[in-house]
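*Asks:* As a plain string of letters, each chain reads:
There are 2 protein chains.
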Amino acid sequence: MNTVIARFKVRPGKEAEAEEAIRKMAASVEAKEPGAQTYIFHRDRKDPSQITVFEIYAGDEASSVHRASDHMAAFNALFGPLFDPASVKITRLERIAGFSR
Amino acid sequence: MNTVIARFKVRPGKEAEAEEAIRKMAASVEAKEPGAQTYIFHRDRKDPSQITVFEIYAGDEASSVHRASDHMAAFNALFGPLFDPASVKITRLERIAGFSR
Numbered sequence: 020m021n022t023v024i025a026r027f028k029v030r031p032g033k034e035a036e037a038e039e040a041i042r043k044m045a046a047s048v049e050a051k052e053p054g055a056q057t058y059i060f061h062r063d064r065k066d067p068s069q070i071t072v073f074e075i076y077a078g079d080e081a082s083s084v085h086r087a088s089d090h091m092a093a094f095n096a097l098f099g100p101l102f103d104p105a106s107v108k109i110t111r112l113e114r115i116a117g118f119s120r
Numbered sequence: 020m021n022t023v024i025a026r027f028k029v030r031p032g033k034e035a036e037a038e039e040a041i042r043k044m045a046a047s048v049e050a051k052e053p054g055a056q057t058y059i060f061h062r063d064r065k066d067p068s069q070i071t072v073f074e075i076y077a078g079d080e081a082s083s084v085h086r087a088s089d090h091m092a093a094f095n096a097l098f099g100p101l102f103d104p105a106s107v108k109i110t111r112l113e114r115i116a117g118f119s120r
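Taken in sequence, the protein lines are chains E and H. So the first sequence is numbered by my numbering: it starts at 20 and just counts up by one. So the second sequence is numbered by my numbering: it starts at 20 and just counts up by one.
Treat the hints with care, since some could be wrong.
Chain copies aren't distinguished; within one or between two, either way the pair holds.
Derived pair list, reagent style DSS-like, types lysine-lysine, alpha-carbon separation capped at 25 Å [claimed, not checked]:
id: 1; residue 1: K33; residue 2: K43
id: 2; residue 1: K65; residue 2: K51
id: 3; residue 1: K65; residue 2: K108
id: 4; residue 1: K28; residue 2: K108
Keep in mind that the hints were calculated from the coordinates and are not lab data.
With the hints as constraints, model all of the structure from the sequences given.
*Replies:* Structure, rendered in structure tokens:
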């Protein structure tokens with residue numbers, strides 16, 4: 020199981036386009052990546068420009084499928100115009116305990 | 020739906036006791052809080068002393084039940100000795116799009 024938290028910021032004035040790209044990306048991951056178990060975009064309640072993605076993949080193959088997907092390429096093509104690449108922070112996590120139901 | 024990310028650090032030398040407290044807390048939340056939909060403790064792969072908890076509650080009542088629970092009081096009683104209270108960062112999130120399955 021591979022768990023990742025990705026954080027990055029929406030560029031000012033790009034909120035609506037960013038939300039459209041986010042909804043499209045989430046729908047593509049759900050439809051096309053059976054190895055993606057959880058994939059949720061959020062905005063911070065205190066700073067709505069701050070995006071947090073919580074991602075769980077079944078394993079390394081599922082992570083590779085995600086990175087190599089056509090929808091990832093499409094999202095990456097939009098990334099620079101809509102989000103600040105310098106703000107990207109990726110944290111890779113190992114589960115200790117817990118549940119989702 | 021209330022989504023929270025909590026981050027804090029394990030004190031050096033307290034790794035085993037911290038993991039025991041974490042496992043007990045996760046089991047109590049699962050058993051006693053039907054309004055907790057997701058509750059997962061992780062360690063960072065790069066810095067195993069860094070703990071990240073990803074939490075989803077059905078709503079404000081479920082969040083209140085969590086905060087007022089006996090197991091939360093028990094975890095808080097252990098918190099200072101096992102974790103650094105100055106390291107605590109709580110981020111409240113609003114879901115934009117995504118799924119868990």
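*Asks:* Now look at each hint and say whether the structure bears it out.
*Replies:* Okay, the hints, checked on the actual structure:
In this assembly of identical chains, the alpha carbons of K33 and K43 lie at most 25 Å apart only when taken from the same copy (15 Å versus 44 Å across copies). Taking the shortest alpha-carbon separations for K65 and K51, neither the intra-copy value of 32 Å nor the inter-copy value of 30 Å comes in at or below 25 Å. In this homomeric assembly, K65 and K108 come within 25 Å of each other (Cα to Cα) both inside a single copy, at 18 Å, and across copies, at 13 Å. Taking CA atoms no more than 25 Å apart as the test, K28 paired with K108 passes in both settings, with 10 Å inside one copy and 19 Å between copies.
In this structure, the one hint that does not hold is number 2.
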